[in-house]
Structure formats: structure tokens, C-alpha cells
Amino acid sequence: MDVAARQSTVGWQAASAAVHAAVAHAATIGACVNAAVVDRAGQLVSFLRMPGAPLHSVDIAIDKAYTAASFGLPTGDWAAALSSHSEAVRQGLPLRPRMVMFGGGLPLVVAGERIGGVGISGGSEAQDEDCAQAGLAALGLDTAR
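Per our numbering, residue 149 is the first one in the sequence shown, and the count goes up by one each step.
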């Protein structure tokens, strides 16, 4: 008997649509960004880099998506989330590899199930967040925070 539950994940078509929408939005607001979507396991599914986007932001975008997919929490919400934890957690968690705790990473959630994450980096924190929201909107996902 197979007792393993089937788990959904983001497909390449949806991931591609999300990064394209995020980059298209960035172009309309004058930002140059890197856009990434990872699956529920944190593995890269789709990525776009705009010409002129900062090179260091390549990894930051991927890590924002990874962080959002890992915890199911927008990366910009970490400051508030950590406020109720011990000093050890507040100091230790930010030191984890690939952990990003500023805006631009959002979980992809369908019917209450986390299927991946989107991460944007290269603009201001607010621009990255707006572009990530555009990626969710392209998939018809709730962008309300």
C-alpha cells in the first residue's frame, strides 16, 4: 500500500509565466532585476536575468525564492516573525546559508498547499516585492499580504 501523499509542485510553464511577468513589471517601473522560481523542494525551475541586473542579485533572487518556499513566509516578513523568538533564534537563523530576510521573496501557495517560491532581486526592496507580486498575479494567486 502506498501511504505517501502526492505533493503538488510548481510546473515549468507556471514558473516561466511568473518570471516573465515579474520581469515585464520590472521593465515598466524602470528596474533591472533577476527573477527566480523554485519548486517545493527549493530547486530552481525558471530564471530570467534582465540586462544590467546586478550579478550578485542572481543568487539573492534564487535564495529569496528558496527561503519563501522553505518556510512559506514572505521574505520581507521575517523581522516581525523573529520578534517573538529567543535571542538565539534571532541571531542564528540569519546566519543560515541561503536564508534571506528582506523583501522580494514570496511563497507560491495553491489551495493551501505550498508548491514553490518566487524571488526577485536587483531593484529596491519595494521594487523587488512589487515584481514578485506581479509574478504571483500572473498565476492567478493571491497577492494580498
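Mixed in with the good hints, there may be bad ones.
Unchecked claim - Label-pair ranges, simulated between beta-carbon atoms:
hint	residue 1	residue 2	range
1	Ser232	Gly260	42 to 52 Å
2	Gln161	His233	31 to 41 Å
3	Gln155	Ala229	18 to 28 Å
4	His168	Gly240	34 to 44 Å
5	Ser164	Arg238	31 to 41 Å
6	Leu241	Pro199	15 to 25 Å
7	Leu230	Ala274	16 to 26 Å
8	Ala236	His168	38 to 48 Å
Keep in mind the hints are simulated off the structure, nothing from the lab.
The structure presented is a predicted model; accordingly, all values stated were derived computationally and were not measured.
Yeah, the Cβ is synthetic: ideal placement off N, Cα and C, and Gly gets one too.
Distance restraint hint 34 to 44 Å, applied to the beta-carbon atoms of His168 and Gly240: 37 Å, holds
Cβ distance range 31 to 41 Å for Gln161 and His233, holds or violated: 38 Å, holds
Status of the given 15 to 25 Å range, CB of Pro199 versus CB of Leu241: 34 Å, violated
Range hint compliance [Cβ, Ser164 to Arg238, 31 to 41 Å]: Since Ser164 and Arg238 have Cβ atoms about 37 Å apart, the given range 31 to 41 Å holds.
Verdict for Gln155, Ala229 (Cβ pair) under range 18 to 28 Å: Holds: the Cβ-Cβ distance is about 24 Å, inside 18 to 28 Å.
16 to 26 Å as the expected CB spacing between Ala274 and Leu230, which holds or is violated: Holds, since Leu230 and Ala274 (Cβ atoms, about 21 Å apart) stay within the stated range.
Gly260 and Ser232 - C-beta distance against the hinted 42 to 52 Å: 23 Å, violated
Outcome of range test on Cβ distance (Ala236, His168; 38 to 48 Å): Cβ of Ala236 to Cβ of His168: about 41 Å, so the range 38 to 48 Å holds.
Violated hints, listed in ascending order, are 1, 6; each of the other numbered hints is respected by the structure.
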